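Visitor: Sequence:
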Amino acid sequence: MAKKLHYFNVNGVTEAIRYILHYTKQEFEDIRHDLATWPDEQFKKALPFGQLPIYVEGDKVLNQSLAITKYVARDSDLIPADHWQQAVLDSTVHNIYDFAKSLVQYNQEKDETKKEALKKVIVEETVDFYFSRFEKHLADNGGFFIGKLSWAEFILVGVIEGFNIFLGIEIEKNYPTVKKLVEKITHLPGVKEYIASREPYKAPQLRK
Numbered sequence: 001m002a003k004k005l006h007y008f009n010v011n012g013v014t015e016a017i018r019y020i021l022h023y024t025k026q027e028f029e030d031i032r033h034d035l036a037t038w039p040d041e042q043f044k045k046a047l048p049f050g051q052l053p054i055y056v057e058g059d060k061v062l063n064q065s066l067a068i069t070k071y072v073a074r075d076s077d078l079i080p081a082d083h084w085q086q087a088v089l090d091s092t093v094h095n096i097y098d099f100a101k102s103l104v105q106y107n108q109e110k111d112e113t114k115k116e117a118l119k120k121v122i123v124e125e126t127v128d129f130y131f132s133r134f135e136k137h138l139a140d141n142g143g144f145f146i147g148k149l150s151w152a153e154f155i156l157v158g159v160i161e162g163f164n165i166f167l168g169i170e171i172e173k174n175y176p177t178v179k180k181l182v183e184k185i186t187h188l189p190g191v192k193e194y195i196a197s198r199e200p201y202k203a204p205q206l207r208k
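Anchor point for the sequence shown: position 199 equals 199 in the UniProt record's numbering, and the numbering is continuous, going up by one each time.
Bear in mind the hints are in silico, worked out from the structure with no lab data behind them.
Remember, predicted model here, so these are calculated numbers, not experimental data.
Honestly, I wouldn't trust all of these hints.
The calculated lysine-lysine pairs, modelled on DSS-like cross-linking and capped at a C-alpha distance of 25 Å, are [what the hints assert, rightly or not]:
#	residue 1	residue 2
1	Lys184	Lys202
2	Lys44	Lys60
3	Lys115	Lys136
4	Lys60	Lys4
5	Lys25	Lys192
6	Lys101	Lys173
7	Lys119	Lys173
8	Lys44	Lys4
9	Lys184	Lys173
10	Lys44	Lys101
11	Lys25	Lys180
12	Lys25	Lys120
13	Lys119	Lys202
14	Lys45	Lys25
15	Lys179	Lys120
16	Lys192	Lys173
17	Lys179	Lys101
18	Lys179	Lys114
Given only the sequences and the hints, what does the whole structure look like? Please build it.
Guide: Shown next as structure tokens:
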């Protein structure tokens, strides 16, 4: 059954989907849209809620990056059988997404002065608020959120990479356990080869 992932040529939460698909050796078509010229109105009208990403499997369409990430991780050891562990990962991912909202706000701000002020808050306050907690959670569980590799670590790494690209920073450098996790995820079989084959990401020029 043909599988397709539609998103922009940028990093972020959807990169976790790409990483998991490559890590679990699933064949798929990686369709990338130009963020600078988005939206293509005709294509957008065909989307379930007018937004990307979408994941297509045969004649079925799934939207929302969180749902897609969990779905492509199914039938693998990235999804725990234990219900409490599942809940811990869901909670963790929502915390990661709460952090990611600050980058969305930054990218949507058109006033350059306000944009710089937002960046200052993110770099000096928001990052440490979240990452001091992520660091402790990982360190307390052997470098993972539930003591072993799961789909949630892929999401964290994708978000880190997105922030680093858009803000020109290196979040993980001050958090040793997080840094070790980034290195582990990006050197996993399938992921490592994908990263080596892709064009380097850079912050795109967003449409005004």
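Visitor: Hints numbered earlier in the text: which of these fail when held up against the supplied structure?
Guide: 3, 12, 14 and 18
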